[in-house]
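S.K.: Spelled out from the first residue to the last, the chains are:
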Amino acid sequence: MKVISLAKVRDTIKDLVQKANFELQDDVLDVIKDMEEKEESPAGKEVFKQILDNVKIARDEKLGLCQDTGLAVFFVELGEDVELQKDGGLGSLSEAITEGTRAGYEEGYLRKSVVEDPIRRKNTGDNTPAYIHWELVPGDAFKVTFIAKGGGAENMSAVQMFAPAAGMEGIEDFVVETVDKGGSNPCPPIIVGVGAGGNFEYSALLAKKALLRRPLGSHSYDPFYADMERRLLERINNLGIGPQGMGGRITALAVHVEAFPCHIASMPAAVNIQCHSHRVLSFEL
Amino acid sequence: MAEHRIETPVSDETIEKLRAGDRVFITGYLYTGRDSAHKKLIELVKEGKDLPLDIKGQFIYYVGPTPARPGKPIGSAGPTTSYRMDSFAPTLHSMGLKGTIGKGSRNEEVKEALKKYKAAYFAAVGGAGALISKSIESSEVIAYPELGPEAIRRVKVKDFPCIVINDMYGGDLYEEGKKKYQKKKD
Ligand code: SF4
Numbered sequence: 107m108k109v110i111s112l113a114k115v116r117d118t119i120k121d122l123v124q125k126a127n128f129e130l131q132d133d134v135l136d137v138i139k140d141m142e143e144k145e146e147s148p149a150g151k152e153v154f155k156q157i158l159d160n161v162k163i164a165r166d167e168k169l170g171l172c173q174d175t176g177l178a179v180f181f182v183e184l185g186e187d188v189e190l191q192k193d194g195g196l197g198s199l200s201e202a203i204t205e206g207t208r209a210g211y212e213e214g215y216l217r218k219s220v221v222e223d224p225i226r227r228k229n230t231g232d233n234t235p236a237y238i239h240w241e242l243v244p245g246d247a248f249k250v251t252f253i254a255k256g257g258g259a260e261n262m263s264a265v266q267m268f269a270p271a272a273g274m275e276g277i278e279d280f281v282v283e284t285v286d287k288g289g290s291n292p293c294p295p296i297i298v299g300v301g302a303g304g305n306f307e308y309s310a311l312l313a314k315k316a317l318l319r320r321p322l323g324s325h326s327y328d329p330f331y332a333d334m335e336r337r338l339l340e341r342i343n344n345l346g347i348g349p350q351g352m353g354g355r356i357t358a359l360a361v362h363v364e365a366f367p368c369h370i371a372s373m374p375a376a377v378n379i380q381c382h383s384h385r386v387l388s389f390e391l
Numbered sequence: 238m239a240e241h242r243i244e245t246p247v248s249d250e251t252i253e254k255l256r257a258g259d260r261v262f263i264t265g266y267l268y269t270g271r272d273s274a275h276k277k278l279i280e281l282v283k284e285g286k287d288l289p290l291d292i293k294g295q296f297i298y299y300v301g302p303t304p305a306r307p308g309k310p311i312g313s314a315g316p317t318t319s320y321r322m323d324s325f326a327p328t329l330h331s332m333g334l335k336g337t338i339g340k341g342s343r344n345e346e347v348k349e350a351l352k353k354y355k356a357a358y359f360a361a362v363g364g365a366g367a368l369i370s371k372s373i374e375s376s377e378v379i380a381y382p383e384l385g386p387e388a389i390r391r392v393k394v395k396d397f398p399c400i401v402i403n404d405m406y407g408g409d410l411y412e413e414g415k416k417k418y419q420k421k422k423d
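Those protein sequences? They're chains A and B, same order as listed. Convert by adding 106 to the 1-based position in the first sequence; the result is the number in the numbering used here. Convert by adding 237 to the 1-based position in the second sequence; the result is the number in the numbering used here.
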């Protein structure tokens with residue numbers, strides 16, 4: 107049986123949230139550079155240049171890539187055969203993740219962007235709670251994926267419950283309209299995560315999971331959805347919104363679609379928008 | 238796409254020169270503020286009280302920076318989405334505010350206020366907060382420290398880079414840019 111120390115989880119997460127906020131990963135950088143070549147508008151090219159300059163400064167000076175260092179969102183794959191060692195004064199895995207988040211956001215001079223109540227809006231002061239999605243898997247795997255999710259892009263996301271008759275066109279039009287409505291707000295060039303199927307809440311989770319696919323811009327294993335991703339990317343980039351909404355060829359860097367079985371009466375779809383500041387990082391123990 | 242170097246506080250003549258799409262480098266002071274600070278400012282206006290800053294000729298930068306590392310004036314400091322401040326901007330423009338800096342489009346009321354009071358709306362590159370912090374030389378909290386990242390700061394900037402999105406003539410870079418690069422469905 108694999109034994110995992112909660113203190114180690116906490117310390118790893120403390121470093122992980124900082125690294126993710128300071129350094130854009132190579133797959134994301136590759137797509138940005140690739141798309142920079144394809145951009146034709148002068149304003150768009152200037153935006154790409156600033157984005158790439160920003161990446162260097164953030165990495166060298168350990169500064170947040172963006173001042174919105176996001177909600178700390180985690181996807182945890184926990185093997186059923188893993189034993190958790192309650193050390194370091196930590197009583198549970200969620201406590202270890204929360205403490206790691208708190209310590210990392212403090213140590214890294216990252217912004218505290220959480221309010222404790224949606225209406226009364228007092229800052230919690232330490233960027234917790236962490237938003238944790240659990241997945242129990244067979245075996246002894248232990249994998250944590252972190253995404254720093256900023257508010258600007260998240261606010262432009264949407265869920266819709268379609269009748270099955272709306273079909274593929276229904277979902278594709280919905281994705282393109284959602285991006286079009288978001289316009290310049292979510293800091294384009296964006297990444298579009300689409301969740302097709304599931305149910306009301308599951309579709310939104312699928313859309314977020316779609317954003318986590320690595321490398322960025324790789325296509326679905328299912329040729330049907332891989333084609334849909336290509337079509338959607340083209341349609342979105344034909345909108346003309348361009349980098350930062352200033353007009354241009356590149357509105358989206360990538361579109362990832364994840365699908366899941368659903369009810370005979372429904373066809374839920376969700377679109378989770380992510381900005382170019384795509385701060386995703388995983389670790390395994 | 239013309240380029241301008243301007244200094245705050247600005248006069249009407251400076252704003253008159255700016256057109257949507259122009260690049261602008263700002264030197265001088267900017268005031269920062271976002272959702273909560275704006276709410277407080279507008280409450281003061283409604284109560285007929287003085288604001289904690291004199292906004293005549295000034296610019297407000299919509300930003301909530303990361304904490305500064307020791308010895309640095311500020312942390313990462315890129316723009317936040319502006320539409321959340323749409324309901325507050327016209328009042329502040331009527332009191333002499335000459336510019337706001339953020340990202341994302343404004344509503345019709347704000348665009349009308351820009352025409353009426355001779356002001357402009359600028360965008361900085363969202364997600365370039367580390368780069369933008371390089372043009373900020375100093376920063377001091379002047380009001381609402383309890384708001385943390387949302388406090389009002391007075392920041393000294395040198396060649397702060399931004400682009401005119403809405404000018405005082407009704408020009409709108411977001412609309413014009415999109416139209417230019419849009420490919421219609423066949
Ligand atoms: S949308 Fe992304 S890049 Fe833009 S301000 Fe928010 S976190 Fe930063």
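Please keep in mind that the hints were generated in silico from the structure rather than gathered at the bench. Glycine residues also receive a C-beta, built at the ideal position from the N, C-alpha and C atoms. Some hints here could point you the wrong way.
Covered stretches of chain A (in silico footprint by chain B; criterion: 3 or more residues with CB under 8 Å from a CB of chain B, positions within the stretch not fixed) [what the hints assert, rightly or not]:
(1) 114–125
(2) 130–140
(3) 171–182
(4) 216–225
(5) 302–314
(6) 377–386
S.K.: Where does the structure disagree with the numbered hints, that is, which hint numbers, in rising order?
M.R.: 1, 2 and 5
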